[in-house]
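The sequence shown begins at 36 in our numbering and counts up by one.
Hints in this document: simulated from the structure, not taken from any laboratory. Treat the hints with care, as some may be off.
[Stated by the list, open to error] Cβ-Cβ distance ranges computed for the label pairs, FRET-style:
hint : residue 1 : residue 2 : range
1    : 694       : 614       : 28 to 36 Å
2    : 129       : 469       : 39 to 47 Å
3    : 345       : 436       : 38 to 46 Å
4    : 215       : 363       : 12 to 20 Å
5    : 672       : 583       : 23 to 31 Å
6    : 273       : 215       : 36 to 44 Å
Just so we're clear, the structure is a prediction, and the values are computed from it rather than from any experiment. All residues carry an ideal CB built from backbone N, CA and C; glycine is no exception.
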Amino acid sequence: MGLGGTGGAAVLVRIDAQRPAAYLFGVSESVDSPLPPRARATLAAVARRVVPHAFVDPDRGERLLAALLQRIAGLSPRKRRDLTGALTILGSRLAALSAGLAPRPFHELTPAAQDRLLEDWANARIPLLRTILQSVRRLVLLVEYSSAPAQREIGYRGAYHDREPAVSWEGALRGTPSDAEPVARASEPAAAHHPPPARARLTALVLDGSTLRADAVVIGSGAGGAVAAARLAESGLDVLILESGELLSGPDFDEREGPLYARLYADGGLRTSDDVGLSIVQGISAGGSTTVNWMVMLRTPEWVLEEWATDFGAEGMRASDLSKVFDRIEAETHTRLVPDDAHSPNNRIILDGARALGWSAFAANINASGCVRTGFCGYGCRVGAKQGMLQTYLPRAERAGARFVAHASARRIEFAERGGGRGARFPLKRVSVRYAPPGAQARDIAIEAPIVVVAGGAIETPALLQRSGLGGGGVGRFLRVHPVSGVLGFYEREIYGATGIPLTAVCDEYLRMDSAGYGAWIECPPLHPGIGAASLPGIGTAHREVMLRFRNVGSLIVLTRDGADRGRSNGEVNVRRDDSISIKYRLGRTDAAHLEAGLVAAARLHFAAGATEVRSGHTRPVVLRSPGEVDRLRGRSLAPNDVALHSAHVNGTCRLGVDARIAGTDPHGERFGAPGVFVVDGSLLPTALGVNPQETIMALATVIAERVAERWSPG
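Hey, can you work out the whole structure from these sequences and the hints?
This is how it looks when you write it as structure tokens:
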């Protein structure tokens, strides 16, 4: 992102799509580069059409292309191959012919012809063409609007910690500090707007041997892994926590969108389904997604827990069973109701719009202590106010004797001995780990433990089990993602969604649209330029005009409780032969109907809150200028890349249940046929929730870890 990627792209000399590729990039054909010459030429030409404003100044255009090449160089080999292939196809003569143009390479076409080809492919009926176009378009927008010049031009104020509060919805609130609230208050809020950064109270173990031993190894340190590690360690077990990502602390979260987005998110923030129809946002540093989420804490709906008990045989997980568990978690994470004077204008759209319409909406609880409302929750909390795993359960686990290892990727789980089972000693396992600390040569180590707790998330957990010969049944199937699409509202007043607490209000008017409790709900996200620009449809002048209205944009997101066509697997996660991960996902028919109803509802909320214009996230956006037009959102295609879909709630690929043919674990979280191997992350959820999942995952991790501790017998 921006100039924060890694890899070696040479400095460009002059952007000229009509010149040979070697001259265009200021390199010889033999210089190491993330892209071959023709693909580089296509990238340069596409960038000129997607963000033409960046090339008015030749030097700025050169910097953008250098940043794009650096960003591509930092991708995984599979992602880089896929992008190279996309650019090769897009740049071919055949691509021009497909749009009714003369058979010339893309970079040799006239600007008008290039625009025509891009428009045709954006709306093509052939899914592959839409996939290719969107993969390149979004990358260009992401990198351009993560750059300082683009951000200044649209009125983005940038990092919060080195400036004074600019609007009333950022900084400490006026008043007397109280532990009963999640926010910081002060008699002079401006003077207290950026307290000293708080470092994570955690130490990473530096390994110097080839084999480690423990009672339990926990793979992953997010909402499931960190909680399980703390519970197990506090029960007296010797616990070792493995985290594939970095251990970061306050100063590392410098509030620079581009570099942090690339650093803190899976695949550098570019994780998608195979067809690029779904963008997947998952945290990858210590603390997992709790380090980058928006802090909302919501209990599992009672009807969902009843469904789990009735249809999946979940034991001891009804609402009455989990009530005290939720109480504990909320106390341990300082979960508090957001006070009325702390809502940002973006969140007020939900509260005020719902009140005007007579709909159900409520202020949310968040896990924060002393929040100063910077708006950068998605890029790590610099002041340590967010009570995610970095500030709570990981330090607790360490105080109880657990050891933490960063930069350690689990590759396989093998049984060093057989036997075990319920009522018997857990058999010994050996976890093969790739240990790659910065500045040192990567090497393989082994962890031996009778208990293995897998908490890598709903993408990495099934992949690890499959590589270990523990796949089959429900492993990798029934992916649930709460598919999200956005609806923008344009206001005559300033909204500036890049600051304030990101998510403090929820509209649940449409949460239960059928008898089984499936539907959609509405929240609002933070709106920073890079990810915001990539999510918006369009290119060129039309896209730029929307971005120039940045400060007056309100953003609502519609989240769908997917899986309404019950028994059907909407998505799958599988390991390919080259060890990369394949992610497939499609909206079910009923889920699509629920999403569409949610989009209409979001548009109505915007108008009820005073918006003068509303735009959908379709590739050809629906532009509405009055409440009477909202039904124009109905009947539009929701096929992959016909509408922007996102997800930060990735669940369900190793769900618990009693039927090994369709479940990944038994009702206690233990993998079928693998005694002592447990799952405690979002992949365990039998169905989608209909609420943000972090509190549910923490509750299930608590229940399962305490059951494991009860069964533990080192005998």
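Hints, one by one, checked against the model:
1. In this structure, residue 694 and residue 614 meet the distance hint of 28 to 36 Å, their C-beta atoms being roughly 30 Å apart.
2. Take residue 129 and residue 469: their Cβ atoms lie about 41 Å apart, and the range 39 to 47 Å holds.
3. Between residue 345 and residue 436, the C-beta spacing of about 40 Å keeps the proposed range 38 to 46 Å intact.
4. Remark: the range hint 12 to 20 Å for residue 215 to residue 363 is upheld by a beta-carbon distance near 18 Å.
5. Between residue 672 and residue 583 the beta carbon distance is about 28 Å. The supplied range of 23 to 31 Å therefore holds.
6. At roughly 38 Å, the beta-carbon separation of residue 273 and residue 215 lies within the given 36 to 44 Å, and the hint holds.
Comparing the model with each earlier hint shows no violations; every hint is respected.
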